[in-house]
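Peer 1: The task is simple: from the sequences and hints, build the whole structure.
Residue numbers (this note's numbering), protein chains in the order written: chain A, 15 to 364; chain B, 4 to 347; chain C, 318 to 1041.
In case anyone wonders, no lab produced these hints; they're calculated from the structure.
Possibly wrong hints are sitting among the right ones.
Unchecked claim - The following label-pair restraints were derived from C-beta to C-beta distances:
id, chain 1, residue 1, chain 2, residue 2, range
1, C, V595, B, R148, 53 to 61 angstroms
2, A, D181, C, R668, 39 to 47 angstroms
3, B, E193, C, V595, 43 to 51 angstroms
4, C, R926, A, A215, 53 to 61 angstroms
5, C, P427, B, G125, 29 to 37 angstroms
6, C, D798, B, E122, 44 to 52 angstroms
7, A, L199, C, V485, 55 to 63 angstroms
8, B, G31, C, W353, 14 to 22 angstroms
C-beta atoms are modelled at their ideal positions from N, C-alpha and C, and glycine is treated no differently.
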Amino acid sequence: MSDAAVRFTGVTKAFGAVRAVDDVSFALPAGALVTLLGPSGCGKTTTLRLVAGLDLATAGRIEIEGRDVSRLSAAERRIAMVFQSYALFPHMNVLENVSYGLVVGGARRAAAESEARAMLAQLGLEGLGGRLPAELSGGQQQRVAVARALVLRPKVLLFDEPLSNLDARLRRRVREDIRDLQKRLGLSVVYVTHDQQEALAVSDLVVVMRDGRIAQMGTPQQLYDEPADAFVADFMGEANVVAGQVLDAPGGTARVALGGVTVETAMRAHRPGALSLAIRPESIGLLPADDAAGGLPGRVRRAAFLGQTREYEVETAAGLLFVVTQAAAPAHEEGAEVLCRPARMVPLEA
Amino acid sequence: MVSRRTLAAAAVAGALAAALPGVARAQGQLTVYCSVQEEWCRPMMAAFERATGVRVAMTRRSSGETMTQIRAEAANPRGDVWWGGTGDPHMQAAQENLTVEYRSPRLSELQPWAVRQAEQTGFRTVGIYAGALGYSYNATELARRRITAPRCWADLARPEFRGEVQVADPNTSGTAYTMLATLVQIMGEEPAFTYLRALHQNVNQYTRSGAAPARAAATGETLVGITFLHDAVTQKVGGAPVELVAPCEGTGYEIGSMSIIRGARNMENARRFFDWALTAEAQALGAEARSYQLPSNRNAPIPPQAPRFEDVRLIDYDFARWGSSQERTRLLDRWQREVRAAAR
Amino acid sequence: MGALSLARLALAVAGLGLLLLPWHGLEGGVADIASWPGGAAAPLVALLPGGERWWLWPLVPLLVAPLPALAAGRVPGRLLAACGAGAIAWVFLQGHAIGLRGVAWPVLEPWLGEVRQTSLGWGAAAVLAGAAGLVATGLAARGRFGGDAFIAFLVVGSAGLLLLFVFVPLLTILSAAVVEDGRLAPAALAARVTTPEAWSLACLADRQGCGVVWNTLALASLTGVLSTLLGLAFALLAARGNVRAMPAFRAMTILPLITPPFVVSLSLIVLFGRTGLVTGWMWEWFGIPRTRWIYGLPGVLLAQVLAQAPIAFVLLEGAVRAIGPSLEEAASTMGARRFTVFRTVTWPLLRPALAAAFLLGFVESLADFGNPLVLGGDFDVLSTRIFFAIAGARHDPGQAAALALLLLMLTFGAFALQALWIGKRRYTTVTGKGDSGVPAPLPRGLKFVCGAVAWPWMAFTAAVYGIILVGGFVHDIGRGDMAFTWRHFLTGFEVEWLDGMAFRGSAWDSLFTTIQVAAVSAPLTAGLGILLAWLLARQSFPGRRSLEFMTMLSFAIPGTVVGVSYILAFNVPPVELTGTALILVICFVFRNLPVGVRGGIAALAQIDRSLDEASATMGGGAVQTLRRVILPLLRPAIVAALAFSFVHAMTAVSAVIFLVSARHNLATVYIVGRVEAGEMALAIAYSTVLILIMLAVVLGIERLVGRAQIGRRAVPATPMRAGA
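Peer 2: Okay, here's the thing in C-alpha cells:
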C-alpha cells in the first residue's frame, strides 16, 4: 500500500452531466516523475486537481502515501503545486511568496524566511528575495514558483503544464532542471502536459488519458513501442495505422498480409486475424523497386530533405505511408517506384 | 497590522455604542412626539429638561406621520407623550384607544374651549393652543394684478383667482380637513361641496403640508394660501408682504392638543410633562419661538401679533362630530370623488 | 478553519447565549443589565428553572446533544446539522407563537394558556449564531461546500441574514396587500392592484390627472431617455470631441453622488419657481408671465435628469472609449464618410451601453422619492403615493402594499428587460490587445449638436449648485433677500461654551447620528459585500444562484417599500428593532450591499483563480487565503465600497423616514422637516454641510487609493489562466 505516492480507486468527477474523470484507478510509485498526458479536455488537469484537493471527487477513493484524503480540502493534503500561470502573489515579494506556505502553516516569520532564503539559493535565485514577481523574467518566475512549492517538503509535488508560458529555448532547459531536481531530492512528482515530447523526455511513467479515462499507462519506451490502440499510437509520436491480416505471429517475428503482399516483420505474439496495425515512420525501410528482398510496393509522392532526416509520403496498396529515414540512407526521387519494408509493427486493440 | 486591528476594534465599539440605547439618567427619561414647528419643539423640551432634570428624547413629525407611527407601534409603544399638532388626529387617537385618560390638576386654569375638548374625549387629550383658520394673500402680487383684496371665503371662488389659490390636501393635512369641516358647518354640506368644486378651479396645487401655502403666499409662489392664521403671522413677522384674512362668513379653528400614549414606558414623567406643558410659563415659550397661536392657559400672555379670537368670527366648531373617524372618512371620500377628481 | 474547531466555537457561542447573555431584549436600555442575572437581563438558564419560559426547554437538549461527540473530537455531521436547524426553527417558532400580548395563534391557545414574552435579545442572537455554526459544520462534515466549514458558515450565515433582513420584510409588506381587516382577501388584492387610482387614463380624455402608474412610467421613461441623451452628448465630447474640459466633466460626475435629496429640488424652485430668480428676469425683460410650471412633471424630470445624466455620462464614456478605433478605421478605409461611419459602426456598438444607461435612469427614477415629494405638485408617482398611503390622514397599509407591489413589478420588469436586451447582444471590442488606431474625431455637425446640448447643461448645473452654495449664507434666497447672514448655520450648528462644549444647534443631534450610523454601516456593508462577492465568484455550492438573487433583490426594492416593510416586520417580537440605531444600520447595510457585491465580483474577475488555489495547496485554508491573498488584492474595491456605502447612508431618505426615532434622527429626515416647514434656507445650509462632509470623505478615500496604487510600483498584469 504505502509504496504508492498517489493511489486512485474508482475515482469519478462529474461536472453536471459531464464526467471529466470517469472511474479511474491507478497507483503512482513514490519517488518517480509521473506524467499525465493527453489532448485538452481529456481529464488530465482535473485528475491533477483531484490529487491536489482543488476539486473533490464525486465518487471513489484517493490516497496519498497510504492516507485517505478523499474528503480533505487542498490545505490539509500536504501536497504542493506549481501552476501553469505560476500564481505568484503579485502583492508579495519573492521572499514573502516563498515563505508563505510556511507562515500559514504556523512557522515563525524569521524561521520561515531563512528557510525560504535557503531554498532560493538552492535554485539559483539569491538576491532576488526583495523583488516583486512582476519584476522577474518568465524563467525566474517559474523557479520562484518551484521554490515556493519545494520549501514545504510536500509528499507529492504537482506541476500543471509548467512550461507552457516559456519560450521554446527556455523550455528544454527548465524541464531538465525539473528532472534533475526531482532525481536529486527523490521527489514524487505528478506532471501534467499535452506535449508528448516533454512527457517522453522527463517521465519515469506516463499516463495517457482520453475522454476522462486512462488510455494506457507505462514507461515512455513501452508507450512508444507498444501503444495499446490507435489513439495512443498517434498521440505518442507519428504512426501509420494500416489494416492488415496477421497470418501467424508466435512472438518475435510475424508474417502479415498487407496491401496484397506478405511481409515479415518484428511483432509481439498475437493470434492470427484481420486487425489494425501501427507502423512507426522511422521503422519503415525504403528499397529500390527491383530489390530482391521484396516488400510492399509503392510510389514516392513527396520527398523532403530535413538535414538529419529525410521524409517521404509513399502511396501503397495499404494506403499513404509516412516514412522517415536517416539522411545518410539512399535518397529516392519524387515519382520513384520503391519497396517499403516495415521492420516492426504493433497490433492495435480495436 | 496594529492599526488595522485598532480600526476594527473601534468599528465594533462604535457599532455597540450605536446599537445600545444610551444610559438613562437619574431623573429618568421621556420620549415626546412633537408635531409643531421644530423651533418650538426644541426650546419646549430644553425648558422641561431644565425644570425637571428629566432627559427628553424628542421626534418631530407632522401630526399625520405621528398618528401613523403611534398606530404602527400600538402593540409595543415607543413614545410617551404626543405634544402639539392639530386636534383631529388627537381625538382620533383617543377614539381608537391609542391614548390614555389623564385629568391634570391644571385643567382649571384652561380656557373653556380647551376644557370642552378634554371633556369630549373623556380626558384623553387636552387643548394646549388654538388657532383660527383663514388665509393670507401676497399684497405685492395682488397690487400688481390689480385685484381687489378678498375678504370672504366666497371671494376665493372668483374667476380672477384662477390658479392662484393654494391649500393643503385634506388627505394628508389636518389643516385642510379643518377647512373642509368648517365650510360644511358654515354652509351646509351640499352648498359647501358646490363651493369647493368652484374653488377647485382656482387651486393651483393641493400641498401635502398644512403650513406650506402660507409660505408659498409669502414668496409669491401663489397669490392666496389657505392656512391657519398663525402660520401666516409667522411669515408676516418674518417680513413677507402678506395680509391676513379672517373670512367674513366666519371660520373654524383648530385646538392644538396633547395626549399621553397608551402603554407609555415612562408614565410618571409623561404626567409630569403633561402638567408642566399646561402652565402659563411653558405656554409662553410659543411666542418666543415665533409661533403665534393662542395659548390655552388663561394666565399665559397672548403674543401681541397673534390673531385675536375677538377679531375673528369663530363658528361653534363641533369637534366631537367632525373629528370622528366615520364622518372624517365619509367627508374625505366625498371630497376625493367630487372635488379632487374633477377636471380643472 | 477546521470543522471541529468551528463546531466547538459555535457550540461555545450558543452556550454563551444560553448561560450568560440576557435572553430578551433590554427594554430599558443598558441600565437593565444591573438586574443580571435576574430581571429583564436574565439569561435563559435563569429563566428555565422557574418554569416561566417552559416552552424554551427543547433548546437545551438540542444544544447539549452534540457536546459529547465534539468533546471526543468527532464531528457527527448529521447530528450537528439537525440540532442546529432544530434550535433555529424552535427559537423563531416560539417567538412568533407567543408574543407581547399572549399566544398569537388561536389554535395553540388551549395548549399554552396565558403566556406572553418580549422580544429576543443578545442571548437569543448568540444562540442563533451558534446554531447556524452547527448547521454549517454539520453540512461541511457531510461533504457540502467543498468540505470547508468556514465557507459553509459564511454561506449559511449570510443566507440567514439575507432571509431575515431582505426577504422576510418584503414578504411581510406584500402579504399586507392580500389582507383586509385581518383576514385573507384575494379579492381585495385584485381591487387594490387594478384600482383606477393607479391605472386611470382620464388624462387622455380631459384635463384630469392620470393613474399613478402611468405617471410613474412616463416620468421614468423620460428621465431615462433624456439623461441618456445628455450623457451621450457629454461622452462623445469627452472621448472624441477634442475638448479640454475633462476636469469639469469629472467634477460634475461626482456631484449627484454627494448631493442630499431635496436640495436640487429646492434650488430649482429658487431658480424657476413662480417668484424664482430666472422667472423674475424673464418677466422683467421679456414679459414672459410667471407660471408654476416647475411643480409637476417638468420639475421632477429636471431634478432627476440633473442627477442621472452624469451617471449616464460615466457609463457611456467608458463605452465610447472602448470602441476600438481600428473598427472605425476599417470602415473609413472602405470609403465610408465620417457620418456614415458613425451611423453604421459607432452607433450600433454603443447600443448596449445606451440601453444600460436608459434602464439605470429608468430604475432610479422609479425609486426616487425626494424630488417628487418636493416638486411633484399635483403630479403623483408611486413612491410618494405609497408614502402617503401609509403616513397620510387615510392610513391604508393594504393600499400601500398593493402600490408597492406595482412598483416592484415595474422595477423587475426593467431588470428583466435589461437582462433580455443586454444578455443576448454582446459587442466586445476590448480584447486586451493594444489598439493603436487614433479615435476618429466627431463629425462636425454632430460635435456642434453635442456642444449645443452639453455646454448649456453645464451652465445650468453650475447655476443649480451655485444656488445651493449661496443659499445657506443669505437671509432668504426664496424671496430674493440676498443679504449675507450666518443665521441659518447658527440655528443648525451653534456651539455654546458653557462649562464645556454644548452643541445647541438644532441639527447637531441628527448630524452626529448620521455620521455615526454611516460610519458603522459602511465597514459592515463593505465587509459583508466583499465576503459575499468572494463566495459567489469563487466558491461553488448548492443554492449559489438563489443567494445571488437575494443579494441583488434589495437593490430592486424601492426605499419607501423597504422602510415600511422594516417597520411592519421589526416593530414587534420576536425580532424587535424599531427605535434603535441598529435598525438604521441594518437597513443601510442590506440596501447598499448589492453595490459592494457587484464591485467585489468585478474586482475578483481581475484576480486569477489560481492565486486562491496556490494558497490552498500551500496549506492556506479559506480564512488565511482570504486574509493574506484576496483581501489585500481587493483593497481598491473595498475602499470604493466603503466610500459608496458611507455616502449613500448619508443621503438616503426614503427608506429611513419611518425608521428614525426620537433618539436616532438622521440628517436627511431633519431636512425633510425643514422643507415641509418651508425653511428652505436652513435646509440648504444643512445640505451644504453634508455635501462638504461627503466631499471630504470621497476625496480623502480617492487620495488614499491613489497613493496605494503608486506605492505598489508596477502592478503586474494578472496572468490569464489558459484552459487545460
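Peer 1: State for each hint whether it applies.
Peer 2: The hints, checked one at a time:
Between C:V595 and B:R148 the beta carbons are some 21 angstroms apart, a value that contradicts the proposed interval 53 to 61 angstroms. For A:D181 paired with C:R668, a C-beta distance near 42 angstroms keeps the hint of 39 to 47 angstroms intact. In this structure the hint that B:E193 and C:V595 lie 43 to 51 angstroms apart at CB holds, the actual value being about 45 angstroms. The beta-carbon spacing between C:R926 and A:A215, approximately 30 angstroms, falls outside the hinted interval of 53 to 61 angstroms.
Range check, C:P427 to B:G125: Cβ separation about 36 angstroms, and the 29 to 37 angstroms hint holds. Between C:D798 and B:E122 the beta carbons are some 47 angstroms apart, a value that agrees with the proposed interval 44 to 52 angstroms. Judged by the Cβ atoms, the range 55 to 63 angstroms given for A:L199 and C:V485 holds: they are separated by roughly 59 angstroms. Evaluation of the 14 to 22 angstroms hint for B:G31 and C:W353 yields a pass: the beta carbon distance comes to about 21 angstroms.
The structure shown violates the earlier hints numbered 1 and 4.
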